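J.: This is what each chain is made of:
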Amino acid sequence: MKLTILQENLAHGLSVVGRAVSSKAALPVLSNVLLRTKDAGLELTATNLEIGITHWVPAKVDEDGSITLPADLFSGIVASIPMKSATIELELLPDDRVHLVSGRFETHMKGMAADEFPQIPSAGERPTTRVSQKVLRQALGEVTFAAASEEARPILTGVLTRLEGDRMTLAAADNYRIAITTIPTLAPAEDTSIVVPARSYAELERILTDVDDPVDVILAPSRNQVVFHVDGPDRTVLVSRLIDGQFPNYQQVLPKEHTTRAVVDREELLRAVRPAALLTQKTTKIVKLHVGGEGTAGISVTAVSDLGDHQSEVDATIEGDGTTIAFNADYLTQVLQNVATTEFDIDLAGPLSPGVFRPHDGREYTHVVMPVRTAS
Amino acid sequence: MSGTPPPTRRPGRGPGDARAPRIGTPGGPGASRAPGTPATILHVDLDAFFAAVEQRDRPELRGKPVIVGGGGPDDRGVVSTASYEARKFGVRSAMPLRTAGRLCPDGIFLPVDGTKYQAESRRVMTILRRFTSRVEQVSIDEAFLDVAGSEALFGPPEQIARRIKAAIHDETGLTASVGVGTSKLIAKIGSDLRKPDGLVVVPPGEEAAFLAPLPVSRLWGVGPATATALAELGVATIGDLAVLPPDALTRRFGKHGADLVERAHGIDRDPVHEPDAMKSVGHETTFDHDTSDPEVLERTLLGLSDGVAWRLRGMGIRAGTVVVKVRDSGFRTVTRQAPLPEPTDLAEPIYQAALALARPEMRGKRIRLLGVTATHLDAPDQLGLFSADEDRRHRAMEAADALKRKFGDRTIVRARLLDKGLPAPFERDPSSPLARRGVDEASDEPEPVTREREPDADAGTEDV
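One line per chain: the protein sequences are D and V, in this order. Reminder that position 140 of the first sequence reads as 140 in my numbering, one-by-one numbering, no gaps. Reminder that position 286 of the second sequence reads as 286 in my numbering, one-by-one numbering, no gaps.
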């Protein structure tokens with residue numbers, strides 16, 4: 001292997017795949033990044049066995065070959081080369097050593113043979129479906145955060161991904177909230193459901209850009225992995241394992257009726273909830289929404305704790321009965337800051353029934369938050 | 001934990017109604033509206049508590065000099081409490097029993113029945129908590145209350161004091177003396193002034209005048225040494241002390257001197273400390289014989305978890321964290337804790353967490369003691385989306401709990417714990433503090449499986 005590559009391109013490639021490097025690797029080679037010449041360029045790959053990321057970087061290849069190098073070391077060396085426009089020469093020497101030269105900068109690094117690196121499924125197969133990068137990116141940002149972070153119920157650390165014709169539904173839930181959205185796909189697919197780890201989707205969201213170009217979704221024939229393939233100048237492939245098991249039937253927990261509806265500006269409500277969240281009891285984090293009722297023209301947000309108390313009034317259009325409901329401040333803050341909408345419809349049915357948040361423009365997105373029971 | 005409303009009958013027929021002297025200017029409603037701190041602090045002190053309980057329960061002792069403490073006049077112990085009849089002979093608390101025997105040869109000497117007095121104390125404290133949650137229990141027979149905010153319900157502080165005295169007398173047959181003032185210092189001195197069955201109200205602004213004629217030894221922080229030193233400065237009464245230049249006292253006593261002057265003016269900034277909310281619920285057990293049998297250890301943890309969960313449900317709270325305590329045959333003790341996936345009052349998740357924590361600590365050891373404690377009891381009651389399953393288990397447990405309450409705790413026993421020769425008796429860990437102070441009466445205690453460890457009403461915390 002012998003090649004010449006721009007520092008800027010190599011550094012960017014290493015930062016993309018670096019997200020998949022194992023921090024505490026079961027296999028030593030998983031702390032390494034795989035380098036392989038391909039298509040007149042250099043392909044970088046890293047994996048922690050849950051996800052694998054491959055990123056292609058243009059390079060002038062004099063001699064094909066492959067090797068793995070410790071990811072931290074290699075990234076550190078590349079990052080310390082001062083000029084972005086500097087060229088870097090990489091050459092594989094005997095005994096898995098790599099010689100790096102850039103101007104007056106010269107390093108030898110000890111690597112490990114490429115055949116020690118696990119096989120990552122390639123993106124060569126026919127896509128199951130394709131989705132606009134921009135559309136998928138927004139959907140992931142609005143859904144993934146609702147997944148459970150703890151392993152108590154592994155299935156809930158994943159995001160249900162259901163393909164039905166030319167629609168893709170994404171749903172994530174922990175025990176106390178659920179976020180669901182449906183987006184159009186660019187190619188019809190057979191009806192199928194998979195559960196993708198939320199962590200993998202968080203990485204995919206980082207990789208996707210705000211363009212209409214498609215990302216290919218490929219369900220491996222073994223149905224235990226899913227591949228996302230982004231083409232174009234930033235050629236990147238993300239492979240994720242899937243989570244086994246049955247995602248809870250969320251349809252039956254979605255409220256069908258409400259007695260109060262508030263239409264409220266998202267940012268204004270968020271501006272009211274933030275200071276209230278600061279004044280909640282650390283252990284309970286309870287923020288109350290007093291919606292409608294006598295003498296109010298909107299929503300009053302309150303919190304009280306040992307630290308003090310807070311009250312903010314927010315204009316809202318209220319239909320139905322006045323009510324008061326208590327939520328965990330984090331859950332409330334997250335739905336308000338992650339969903340791209342100007343106004344929310346908030347549907348309530350009393351203090352002990354779930355709160356339902358939907359974009360007022362009627363887009364297919366639903367977020368349900370369970371309330372906290374309070375003494376008063 | 002209180003809940004029963006206070007008696008609604010008009011106060012005024014109970015003891016202590018006879019006199020409620022106001023010190024200083026005649027009080028009246030105007031006094032309590034005086035600027036500055038309102039007089040909302042009460043000190044309630046049971047009169048000759050241990051002796052009074054014995055005289056109540058044994059009518060033949062009434063009117064007789066009763067001396068509670070130890071075995072008798074030949075005992076090497078000291079007097080815990082002397083009845084007022086015995087006090088006439090000069091018998092005082094903390095006096096050697098032999099001295100008491102000499103002073104009062106006809107005295108009736110009784111042993112201390114701690115369990116009985118604790119139960120009575122609990123009843124009285126429960127009465128006090130009906131009037132405000134701000135109750136600071138100082139010892140078995142006295143407590144401070146801050147009734148600010150309770151006036152709308154129960155009347156002005158003086159009336160609350162009367163109601164408290166009446167309720168204690170009606171419900172326990174005991175008498176209490178109460179002091180009412182703007183600070184704990186004033187309330188305490190007030191309650192002591194007209195014992196037994198006294199009521200002293202010191203209106204705001206009258207503190208210094210109230211204290212002035214009293215001997216300095218009444219003040220907190222004035223022991224025999226300080227009293228002697230003050231006498232050298234010509235100070236006999238609190239009034240004498242109050243007019244001394246503060247510098248003189250500071251030179252003589254340092255910072256303590258400055259505090260003394262403040263107190264002499266009736267200033268005491270220490271608020272009534274509410275006990276912290278209950279912080280943990282724990283059960284533990286010591287084996288008859290140290291064991292390394294995993295089956296016995298696991299069953300024991302399950303039994304302990306069951307007991308903890310039962311009490312959590314009884315109190316209507318959920319725990320966010322589990323703590324286990326493992327002591328091996330060499331008396332090495334480790335505690336380990338872990339958060340629960342979600343707050344619970346069910347035995348299974350507590351047991352699973354406890355087992356996961358305890359297992360590595362028990363491996364290859366002979367175990368002497370195991371304990372399971374649930375903490376973070378202020379976990380919010382966050383409703384769940386998919387908790388139909390848990391709701392079902394919950395209803396099952398609640399049904400079982402109801403049967404246990406009605407027919408006894410052996411009515412329903414977890415199959416795994418059935419007739420499995422659980423190590424018995426489950427003794428309290430001898431090195432743990434004797435903190436048996438109940439929230440409820442002892443009747444629902446799951447005896448003899450475990451002994452409960454309840455947080456001390458004063459401290460509010462446990463050593464876990």
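By construction, these hints were calculated from the structure, which means they are not laboratory data. Heads up, some of the hints might be wrong.
Unchecked claim - DEER-style ranges, computed between Cβ atoms: (1) T126/V / G322/D: 35 to 43 Å; (2) V138/V / A152/D: 38 to 46 Å; (3) T237/V / E313/D: 54 to 62 Å; (4) S93/V / L307/D: 26 to 34 Å; (5) R269/V / L307/D: 17 to 25 Å; (6) R269/V / S149/D: 43 to 51 Å; (7) E313/D / H273/V: 31 to 39 Å; (8) A152/D / S329/V: 51 to 59 Å; (9) R269/V / A152/D: 43 to 51 Å; (10) G364/V / T283/D: 36 to 44 Å; (11) R241/D / P341/V: 17 to 25 Å; (12) S133/V / R241/D: 51 to 59 Å.
Unchecked claim - The calculated DSS-like cross-link candidates involving lysine-lysine, where the alpha carbons are at most 30 Å apart (straight line), are: (13) K64/V / K116/V; (14) K279/V / K282/D; (15) K116/V / K285/D; (16) K24/D / K60/D; (17) K110/D / K134/D; (18) K285/D / K256/D.
It should be emphasised that the depicted structure is a prediction, and the values quoted were computed from it without experimental measurement. Where is the CB? At the ideal position from N, CA and C, for every residue including glycine.
J.: Each hint needs a verdict: does it hold in this structure or not?
T.: Results of checking the hints against the structure:
no., hint, result
1, T126/V / G322/D: 35 to 43 Å, "holds, 38 Å"
2, V138/V / A152/D: 38 to 46 Å, "holds, 45 Å"
3, T237/V / E313/D: 54 to 62 Å, "holds, 59 Å"
4, S93/V / L307/D: 26 to 34 Å, "violated, 44 Å"
5, R269/V / L307/D: 17 to 25 Å, "holds, 22 Å"
6, R269/V / S149/D: 43 to 51 Å, "holds, 46 Å"
7, E313/D / H273/V: 31 to 39 Å, "holds, 37 Å"
8, A152/D / S329/V: 51 to 59 Å, "violated, 35 Å"
9, R269/V / A152/D: 43 to 51 Å, "holds, 48 Å"
10, G364/V / T283/D: 36 to 44 Å, "holds, 37 Å"
11, R241/D / P341/V: 17 to 25 Å, "holds, 23 Å"
12, S133/V / R241/D: 51 to 59 Å, "holds, 54 Å"
13, K64/V / K116/V, "holds, 21 Å"
14, K279/V / K282/D, "holds, 15 Å"
15, K116/V / K285/D, "violated, 43 Å"
16, K24/D / K60/D, "violated, 34 Å"
17, K110/D / K134/D, "violated, 40 Å"
18, K285/D / K256/D, "holds, 28 Å"
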